[in-house]
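J.: Next come the chains, spelled out residue by residue.
Number of protein chains: 2
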Amino acid sequence: MSRYDGASASFHEMWRDLEPLGRNAGSGGYRRYAWSEADVECRAWFRAQAEGRGLAYEVDRNGNQWAWLGDPEAQDAVVTGSHLDSVPDGGAFDGPLGVVSSFAALDELRGRGVEFGKPLAIVNFGDEEGARFGLACVGSRLSAGQLGVEQARRLTDADGISLPQAMERAGYDPTAIGPDPERLARIGAFVELHVEQGRALDLSGDQVGIASAIWPHGRWRFDFRGEANHAGTTRLVDRRDPMLSYAETVLAARREAHLAGAVATFGKISVEPNGVNAIPSLVRGWLDSRAADQATLDTVVTGIEKAAREYADTHGVELDIVRESFTPVVEFEHALRDEIARILQGASDRLEVPVLGTGAGHDAGILSGSVPTAMLFVRNPTGVSHSPAEYAAEDDCVAGVIALADVLEGLTRR
Amino acid sequence: MSRYDGASASFHEMWRDLEPLGRNAGSGGYRRYAWSEADVECRAWFRAQAEGRGLAYEVDRNGNQWAWLGDPEAQDAVVTGSHLDSVPDGGAFDGPLGVVSSFAALDELRGRGVEFGKPLAIVNFGDEEGARFGLACVGSRLSAGQLGVEQARRLTDADGISLPQAMERAGYDPTAIGPDPERLARIGAFVELHVEQGRALDLSGDQVGIASAIWPHGRWRFDFRGEANHAGTTRLVDRRDPMLSYAETVLAARREAHLAGAVATFGKISVEPNGVNAIPSLVRGWLDSRAADQATLDTVVTGIEKAAREYADTHGVELDIVRESFTPVVEFEHALRDEIARILQGASDRLEVPVLGTGAGHDAGILSGSVPTAMLFVRNPTGVSHSPAEYAAEDDCVAGVIALADVLEGLTRR
Numbered sequence: 003m004s005r006y007d008g009a010s011a012s013f014h015e016m017w018r019d020l021e022p023l024g025r026n027a028g029s030g031g032y033r034r035y036a037w038s039e040a041d042v043e044c045r046a047w048f049r050a051q052a053e054g055r056g057l058a059y060e061v062d063r064n065g066n067q068w069a070w071l072g073d074p075e076a077q078d079a080v081v082t083g084s085h086l087d088s089v090p091d092g093g094a095f096d097g098p099l100g101v102v103s104s105f106a107a108l109d110e111l112r113g114r115g116v117e118f119g120k121p122l123a124i125v126n127f128g129d130e131e132g133a134r135f136g137l138a139c140v141g142s143r144l145s146a147g148q149l150g151v152e153q154a155r156r157l158t159d160a161d162g163i164s165l166p167q168a169m170e171r172a173g174y175d176p177t178a179i180g181p182d183p184e185r186l187a188r189i190g191a192f193v194e195l196h197v198e199q200g201r202a203l204d205l206s207g208d209q210v211g212i213a214s215a216i217w218p219h220g221r222w223r224f225d226f227r228g229e230a231n232h233a234g235t236t237r238l239v240d241r242r243d244p245m246l247s248y249a250e251t252v253l254a255a256r257r258e259a260h261l262a263g264a265v266a267t268f269g270k271i272s273v274e275p276n277g278v279n280a281i282p283s284l285v286r287g288w289l290d291s292r293a294a295d296q297a298t299l300d301t302v303v304t305g306i307e308k309a310a311r312e313y314a315d316t317h318g319v320e321l322d323i324v325r326e327s328f329t330p331v332v333e334f335e336h337a338l339r340d341e342i343a344r345i346l347q348g349a350s351d352r353l354e355v356p357v358l359g360t361g362a363g364h365d366a367g368i369l370s371g372s373v374p375t376a377m378l379f380v381r382n383p384t385g386v387s388h389s390p391a392e393y394a395a396e397d398d399c400v401a402g403v404i405a406l407a408d409v410l411e412g413l414t415r416r
Numbered sequence: 003m004s005r006y007d008g009a010s011a012s013f014h015e016m017w018r019d020l021e022p023l024g025r026n027a028g029s030g031g032y033r034r035y036a037w038s039e040a041d042v043e044c045r046a047w048f049r050a051q052a053e054g055r056g057l058a059y060e061v062d063r064n065g066n067q068w069a070w071l072g073d074p075e076a077q078d079a080v081v082t083g084s085h086l087d088s089v090p091d092g093g094a095f096d097g098p099l100g101v102v103s104s105f106a107a108l109d110e111l112r113g114r115g116v117e118f119g120k121p122l123a124i125v126n127f128g129d130e131e132g133a134r135f136g137l138a139c140v141g142s143r144l145s146a147g148q149l150g151v152e153q154a155r156r157l158t159d160a161d162g163i164s165l166p167q168a169m170e171r172a173g174y175d176p177t178a179i180g181p182d183p184e185r186l187a188r189i190g191a192f193v194e195l196h197v198e199q200g201r202a203l204d205l206s207g208d209q210v211g212i213a214s215a216i217w218p219h220g221r222w223r224f225d226f227r228g229e230a231n232h233a234g235t236t237r238l239v240d241r242r243d244p245m246l247s248y249a250e251t252v253l254a255a256r257r258e259a260h261l262a263g264a265v266a267t268f269g270k271i272s273v274e275p276n277g278v279n280a281i282p283s284l285v286r287g288w289l290d291s292r293a294a295d296q297a298t299l300d301t302v303v304t305g306i307e308k309a310a311r312e313y314a315d316t317h318g319v320e321l322d323i324v325r326e327s328f329t330p331v332v333e334f335e336h337a338l339r340d341e342i343a344r345i346l347q348g349a350s351d352r353l354e355v356p357v358l359g360t361g362a363g364h365d366a367g368i369l370s371g372s373v374p375t376a377m378l379f380v381r382n383p384t385g386v387s388h389s390p391a392e393y394a395a396e397d398d399c400v401a402g403v404i405a406l407a408d409v410l411e412g413l414t415r416r
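For the record, the sequence lines run as chains E and D.
For reference, each letter of the first sequence is one residue, going 3 to 416 in our numbering.
For reference, each letter of the second sequence is one residue, going 3 to 416 in our numbering.
The following block holds chain E by itself, in its conformation from the complex:
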């Protein structure tokens, strides 16, 4: 029996229970949208895990779930966790791997007989992916005061259901949503474990890495407005077809991102009237763009906007561009990052743990403005994420649990 068979068994039992919740039979992907039935099932799973381990369970004012070992009111708590919601047809690992690994790491530490010198908590942040209301990290943003209460109350999903209505229908109280500075002030360190959403660890041959920074990123909505007309009878010269400027802008985005070593994606579109024989009156496309630094991102997005305006002018199409969200670069606290590196190097016989940047946003990025924060990444052999094909190997997941346990043991001791 290997040293880590206990952690492995604990991990797998949880993984098996969580796996069917919110899974779409057709695609094999997950549809765990915030406050949906699937999300409520995942939340019930979280509560059962907490209570089954004798942890104190609570829900904060923004619907985030907490499981406490030790006094939740004491200072300098060590907190770990992630999220359980998903993008449309997302993978099994993005989010849940961090939550499951947190409980498994606690089991591992209890197996080691560790006495905790500080309170320890596991958290499930609500609505990290933003799939339902269009804004990511709503739970952590609200708690950190990075999302206005009125703005949050106005968020609506595609069916016109508001965020407070959705919370209420899921059995949560939306009346007190808002900043939670006292709770955050009691946290000494927050560590989020996450599946890597790229292939850096695979290319370097490592199972686990530490985050250096989250790239600045934003979402922009491009509304191309032309004139609806009959696709069979309207001469090309009489058309004001917004699909053409949209298509040109998609290609411009790829070009600008390539030139700058950044990424830019048009992955979501909405067309009116969206009929086979109708020239569209409106093509609405969303741009997601990210780069290693702010100046590069500005260059990319400015280039795309300029090109889009020229294309729209050429086709007699009106263009409105709205920045829907923006997150500046996040540099994780260097002292905590270095401490975690020392812990992991001490626990293994390796000289160096890889430190890597990422283009993905996370609750850890949001919290980093209020709390010392760090992230661990687990190897993703294909780099695929936000897809049913997202995958991490069993051995790498267990290595992540052990690394997280080592880090929590070290941090609760310091």
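The set of hints was computed from the structure by calculation and includes no laboratory data.
Positions of the beta carbon are idealized from the N, C-alpha and C atoms, including for glycine.
Just to be clear, a hint being listed does not mean it is correct.
Said to hold, decoys possible - A short, non-exhaustive set of chain D residues, derived as facing chain E with CB atoms under 8 Å:
id: 1; residue: A230
id: 2; residue: I271
id: 3; residue: G361
Using the hints provided, position chain D relative to the given structure of chain E.
T.: Only chain D this time, still in chain E's reference frame:
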């Protein structure tokens, strides 16, 4: 008082009654989908118009409405009419102008004291636009035997309601739908008046024109399949992004159509998973293309398909192309067309009535395989159609009524 004040008053009274039915308050456009509540209201209006004029009202086996002056069982009837259903947020004129003008032309002829030598009928064909079940001209296709009964029974709308169920709910009997050759054999000529869906009459300065042909046209579905992945963390070189090949294909379609003097449109799209931060796994785009002749259309579509396959290969994307529908060129019967031209030239002091082709499909096109068929077009000053902005001037509509009355008078005399 001008010579045509009677026709004008009759036209306007009907127009006013029909105008509010099925109108969407938000867009100002019409949502008169086949067998919907709005369609049932339009059908009640048709029946009231027929009965108010002492015409014999009947519904054929496919739910098309008929109003007869003279013996419906006699041979060599002259039939006019159009349809009352609409595309999503369509205009007021496409379809209804032909039906209203038919009743107004009858009023005009009665005002003239014309004695009809042949039976005369006004028809409202069901489900011309195909907005609900995805197939255009269902009523006329069924009657002409151009749509199989079993295929028709299998048509379902977006809510899973089948065509027979929809007919039944609207109070119509679907049990006998199918070919109606005896009815069609009794028709000596069918003339459909329609608002022009282009600007040819506006450019030539004419109020009314005659159709020469309906261009061949088809619909093709392009399925670009790539790999869903995280928009923030997937390097450009690791992507298989189907949105890029889609965008390139949209631009290729415009280019090929321009070179050939044809039209090609991508107006409908469906994306999976359609998330802002997800590279799509599937971009499904529909191409509508039409040209004056078959060879030109083949050239255009072959060119687009070839370009699309090259783009897909470049991006590691799989492409399936499916032809969803196709309608060959329709040449309206030359003898009837020439007779109508002589009638209209004789009734006015003009030497020539414009004869024009059209890219739009019509019930008249479907019937032309079974019955001598012709079409009249009324000037559309903006060319806009299938849009709330679709418009025809009052004077031009009345000119259309008078022209149709002249044609019906001439044809029932011959």
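J.: Would you mind marking each hint as holding or not holding in the structure?
T.: Here's how the hints hold up against the structure:
1. A230: holds (4 Å)
2. I271: Where the cut-off is 8 Å and the nearest Cβ of chain E is about 6 Å from D:I271, the hint holds.
3. G361: holds (3 Å)
Comparing the model with each earlier hint shows no violations; every hint is respected.
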